[in-house]
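Protein chains in written order, with the numbering used here: chain A, 1 to 368; chain B, 1 to 325; chain C, 1 to 287.
Calculated from the structure, these hints are not laboratory results. A hint or two may mislead.
What the hints assert, rightly or not - Below, simulated BS3-like cross-link-like pairs (lysine-lysine); rule was C-alpha separation at most 30 Å, straight line:
#	chain 1	residue 1	chain 2	residue 2
1	B	Lys228	A	Lys105
2	B	Lys233	A	Lys105
3	C	Lys274	B	Lys118
4	A	Lys272	A	Lys300
5	B	Lys228	C	Lys274
6	B	Lys233	C	Lys274
7	A	Lys186	A	Lys108
As the list claims (entries may be wrong) - Partial list, computed: chain C residues near chain B (C-beta under 8 Å):
#	residue
8	Ile25
9	Gly114
10	Met139
11	Gly258
Every residue, glycine too, gets a C-beta built ideally from N, C-alpha and C.
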Amino acid sequence: MGIKLRLENLTKVFGELVAVKNLNLDILDGEFICFLGPSGCGKTTTLNMLSGLEEPTEGRIILDAKVINHLPARLRDIGLIFQDYAIFENMNVYENLAFSLRAKKVHKDEIDRVVKEEAGRFQLTGMLYKDTRTLTPGDLQRVAIGRTVILAPSVFLLDEPLDNLDADMRITMRGELKRLQKDLGKTMVYVTHDQEEAMSLADRIVIMNLGELQQFNTPVNIYNRPTNKFVAGFIGKLPMNFIDCHLKEEAGKLILFDTNQTFQLDISKHRKRIESSIPGKELCLGIRPEHVSMASVSEKDSCEVTIRNIEVLGAENVVEFNLKGESGVVRRMTVPPEVIPNVDDRILIRFQQEKIHLLDHVKGIVLI
Amino acid sequence: MENPSTAVSMELTKKEGLLERLGKWMPLSLSLIMPVEVILLFLLIVPSFISIWLSLVSWQPTFGIGIFQAKFIGLKNFIDLFTEPRFLWAFLRTFYITGVTVSLEFLIGLGLAVLVYKPFPGRTFFTLILILPMMFPPLVVGNNFYMLFFAEGPINALIGYVLGGPFKFDWLSSPSYAIYPIMIAEIWQWYPLMFLIMISGLRGLPPNQLRAAEVLGGSPWQIFWRIKLPQLKPIILIAIVIRTMEIIKMFDVVYIMTRGGPGTLTETISIYMYKIGLKNFRFSYISAGAWIVLIASVIIFTYLLKPLLYKVEKFEEKIEEGAEE
Amino acid sequence: MRGTRYEATDYVRMVVFIIITIIVIFPAYWMVMTAFKPMDEWLKYPPVWLTLRPTLDNLKSILGMAKGTIINPAQSAAGPAILKGLFVSVTATFISIAAGCMAAYSISRYQIGGNFLPLFILSARMFPPIAVILPLLVMYTWVGAIDSYWGLIVAYAGFTIPFSVWMMKSFIDDVPKEIEEAAVMEGMGNFEVFYKVTVPIIKTGILVTALFVFILNWSEFLVAVTICYQNVETAPIFLASLFSAVAGTLYGHQAAMGLIIIIPTVVFGYLIQKHLARGFTFGALKR
Numbered sequence: 001m002g003i004k005l006r007l008e009n010l011t012k013v014f015g016e017l018v019a020v021k022n023l024n025l026d027i028l029d030g031e032f033i034c035f036l037g038p039s040g041c042g043k044t045t046t047l048n049m050l051s052g053l054e055e056p057t058e059g060r061i062i063l064d065a066k067v068i069n070h071l072p073a074r075l076r077d078i079g080l081i082f083q084d085y086a087i088f089e090n091m092n093v094y095e096n097l098a099f100s101l102r103a104k105k106v107h108k109d110e111i112d113r114v115v116k117e118e119a120g121r122f123q124l125t126g127m128l129y130k131d132t133r134t135l136t137p138g139d140l141q142r143v144a145i146g147r148t149v150i151l152a153p154s155v156f157l158l159d160e161p162l163d164n165l166d167a168d169m170r171i172t173m174r175g176e177l178k179r180l181q182k183d184l185g186k187t188m189v190y191v192t193h194d195q196e197e198a199m200s201l202a203d204r205i206v207i208m209n210l211g212e213l214q215q216f217n218t219p220v221n222i223y224n225r226p227t228n229k230f231v232a233g234f235i236g237k238l239p240m241n242f243i244d245c246h247l248k249e250e251a252g253k254l255i256l257f258d259t260n261q262t263f264q265l266d267i268s269k270h271r272k273r274i275e276s277s278i279p280g281k282e283l284c285l286g287i288r289p290e291h292v293s294m295a296s297v298s299e300k301d302s303c304e305v306t307i308r309n310i311e312v313l314g315a316e317n318v319v320e321f322n323l324k325g326e327s328g329v330v331r332r333m334t335v336p337p338e339v340i341p342n343v344d345d346r347i348l349i350r351f352q353q354e355k356i357h358l359l360d361h362v363k364g365i366v367l368i
Numbered sequence: 001m002e003n004p005s006t007a008v009s010m011e012l013t014k015k016e017g018l019l020e021r022l023g024k025w026m027p028l029s030l031s032l033i034m035p036v037e038v039i040l041l042f043l044l045i046v047p048s049f050i051s052i053w054l055s056l057v058s059w060q061p062t063f064g065i066g067i068f069q070a071k072f073i074g075l076k077n078f079i080d081l082f083t084e085p086r087f088l089w090a091f092l093r094t095f096y097i098t099g100v101t102v103s104l105e106f107l108i109g110l111g112l113a114v115l116v117y118k119p120f121p122g123r124t125f126f127t128l129i130l131i132l133p134m135m136f137p138p139l140v141v142g143n144n145f146y147m148l149f150f151a152e153g154p155i156n157a158l159i160g161y162v163l164g165g166p167f168k169f170d171w172l173s174s175p176s177y178a179i180y181p182i183m184i185a186e187i188w189q190w191y192p193l194m195f196l197i198m199i200s201g202l203r204g205l206p207p208n209q210l211r212a213a214e215v216l217g218g219s220p221w222q223i224f225w226r227i228k229l230p231q232l233k234p235i236i237l238i239a240i241v242i243r244t245m246e247i248i249k250m251f252d253v254v255y256i257m258t259r260g261g262p263g264t265l266t267e268t269i270s271i272y273m274y275k276i277g278l279k280n281f282r283f284s285y286i287s288a289g290a291w292i293v294l295i296a297s298v299i300i301f302t303y304l305l306k307p308l309l310y311k312v313e314k315f316e317e318k319i320e321e322g323a324e325e
Numbered sequence: 001m002r003g004t005r006y007e008a009t010d011y012v013r014m015v016v017f018i019i020i021t022i023i024v025i026f027p028a029y030w031m032v033m034t035a036f037k038p039m040d041e042w043l044k045y046p047p048v049w050l051t052l053r054p055t056l057d058n059l060k061s062i063l064g065m066a067k068g069t070i071i072n073p074a075q076s077a078a079g080p081a082i083l084k085g086l087f088v089s090v091t092a093t094f095i096s097i098a099a100g101c102m103a104a105y106s107i108s109r110y111q112i113g114g115n116f117l118p119l120f121i122l123s124a125r126m127f128p129p130i131a132v133i134l135p136l137l138v139m140y141t142w143v144g145a146i147d148s149y150w151g152l153i154v155a156y157a158g159f160t161i162p163f164s165v166w167m168m169k170s171f172i173d174d175v176p177k178e179i180e181e182a183a184v185m186e187g188m189g190n191f192e193v194f195y196k197v198t199v200p201i202i203k204t205g206i207l208v209t210a211l212f213v214f215i216l217n218w219s220e221f222l223v224a225v226t227i228c229y230q231n232v233e234t235a236p237i238f239l240a241s242l243f244s245a246v247a248g249t250l251y252g253h254q255a256a257m258g259l260i261i262i263i264p265t266v267v268f269g270y271l272i273q274k275h276l277a278r279g280f281t282f283g284a285l286k287r
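Chain A extracted, bound-state conformation (with noise of 0.2 Å):
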């Protein structure tokens, strides 16, 4: 698998504001590419940039070893599939389809061949010649799709495409839009906010942050060691607890603990890490709420916790808790759905050790 796509020092700027802020990065042929980051990141600007509609300010665009920068989207073998999808209002779903084609001038009845053909891959084909303004978001998606498929690029760019979807026909078109790229074998980039969605679909992800890359690699690295305190902020259906907390030598132990003392850790095993690193005076213990359990008195690393809610979800419930002395924060942990404490309740919980992160506050540089 080579490379297909390469950004190099992709940059764009609008007047003041920097949107995308130096973009490295290297796709690899078949790969399916998630954009992942909050509005405003710089995702979707980049994907304009990629597709030809905005031309970027800095930087290179290399697609199969040669640079598009100033190709206009019209002769780029890259196919572009909108968040509104962007349907043609004035035709039905065969010109829709057929648009591509006719632009390079195929002869009608190869383009009636191929359309009918794709219609049937897409469910399309009973609704050949309706309006395409009586369509709902779901077929008009298809439609979009479909249109995009028929062009045949190289590539394909989709901008947040489930945006607009209810939440079940969300789920039912995330496995078929996964399904589709396996069958179809291109190279496809996939602009989202919806981190979850990122992490079932990617090969790998992209995540953005103010127009600057936080990380790109797969989503279980992703998940597992997140390399700044934004990325580990971001990732994981429920938010990533943050305690600060500081460190301290006793008796040959490197031990952390947080502002009340209501917990030590032994951490002395990540002593060379630490130490390689620098870390600032100012640190951050994360654990996710799924990796964290409740304890018995027996275990050293168990520390004491007020209980402020609880949600019942069914498969799971959700905790909310403050450690001694805390307030105003909301620290969340995981029980199984039998489990359910009382507000107010004191109970027990350990970190599982292998699972934690050691934050340096300042850089936001994730040291564990």
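With chain A held as given, fit chains B and C onto it using these hints.
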């Protein structure tokens, strides 16, 4: 010491102004529209009925009798009109001028709007200047072009430069050609309206559809014919209908430039009716004529404009097929 | 414009537009030039493209301040015609706007008349003026309104009502109903809501419509020249009167009068140019 209940009742009465009391026997919605109704009643409805009556009798102010004492002659006025060549010619001429002028205004307006679509240096300035003609009253436009097409005037001088020799053609007295300066004057005055409407239309097109078309490989030409123009159809239709509605009534320009002459060769409907109605005082006759014009306009809109739009579609398809070869 | 980069084709278009502008402006230029030409240059051949002896004599002559030798065939000077025209136009505009605003509100908020009434109002524009003028003349003779100010004012108000109503309706439609509903909940009577809440919000729209209607009234010719023959003279009537076989071709005077007439229409026109499309399409198109 105030009794709370009287305070409340005083509050309630305060809100009952004059119109509220009026509202007691007429809902507000009706009373608001009353003035317009009254005005239209006297300026439109009553005159219409009088006009119908006049068209069915034989009456002129010079007869010296009241109009309701006139002799009823049924459709005779209408028949007379249909057999009056001068009327028929005025009729045809008006629609001919309308057709040509509106088409050219539309094409120019659309062309300019397309040219102006993407920015270029001085775009705002030029756009403002290009809409200037629309701000001129028709009478002044007529007067202006009258001077321009004067036999020894600037237009002829310019033609003379091009031809290499003096060109002193008296346009406005020419039987075959007097109509052209009139049309040029109308087009000059009203193309800006089409221009503005087309700009408005183009700006209102959904941008993502146009971008999608680009990404799907559409060339600017293809995008224009297959997406922009079809989506502009409703606006184009409005523009053409409204323009046609107004130009059928055209009077000022023709009046000042030729008075309908030479002879009767540039007479439009309005001029004809003005002359016969107000100079020859044939009120009944002209009232009938006005109704014929109105009915004809309605028929034209319903039966000609729609098929026209259909033809435009076919024409577009031919253009694309031509471009594909 | 900051940040705009122009390519070669853009400059080509600029040149094209320069040429087009010259062609379009030429008639206007000619009129202005002629207005300031001395009499001997009016009919000269080859034409005088740029006068080297500009003069205010034409203007002075028609305004009745002539210095001497030019025979002004019209009995009256332009001054009174201008003032009368202004009076008629302003009053008619006022009536048209006041009535139209209320009607527009009624149509917009109460859908009065359903689909029929608004279209009926619109259809008033479809009648050829002659169709309405002849009966109007008859009616006016009954009430003695021929050649009277009020006759013309009422006629103008009536003819511009379709524009008033439709234009202002489009402005009123843009006002969210919630604002009015909130006022009603605060205890305002319905008519109060109209003139205390809605009208202030659409102030600009009303002004725009008023200027638009004024332009129409000020420029109007056919009705004026038909209904009035002596007493009431508007500016366009005066201009037409400058065409007389007796005096020959008074191009300079005509151009000067034309210039005077277009001043309010051009000024107002440019003030409301954003809304011209809305006005001429009866509110169908909003920029």
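These are the hints, each one checked on the structure:
no.: 1; hint: Lys228(B) with Lys105(A); in the structure: 19 Å, holds
no.: 2; hint: Lys233(B) with Lys105(A); in the structure: 25 Å, holds
no.: 3; hint: Lys274(C) with Lys118(B); in the structure: 19 Å, holds
no.: 4; hint: Lys272(A) with Lys300(A); in the structure: 23 Å, holds
no.: 5; hint: Lys228(B) with Lys274(C); in the structure: 22 Å, holds
no.: 6; hint: Lys233(B) with Lys274(C); in the structure: 22 Å, holds
no.: 7; hint: Lys186(A) with Lys108(A); in the structure: 27 Å, holds
no.: 8; hint: Ile25; in the structure: 6 Å, holds
no.: 9; hint: Gly114; in the structure: 12 Å, violated
no.: 10; hint: Met139; in the structure: 7 Å, holds
no.: 11; hint: Gly258; in the structure: 4 Å, holds
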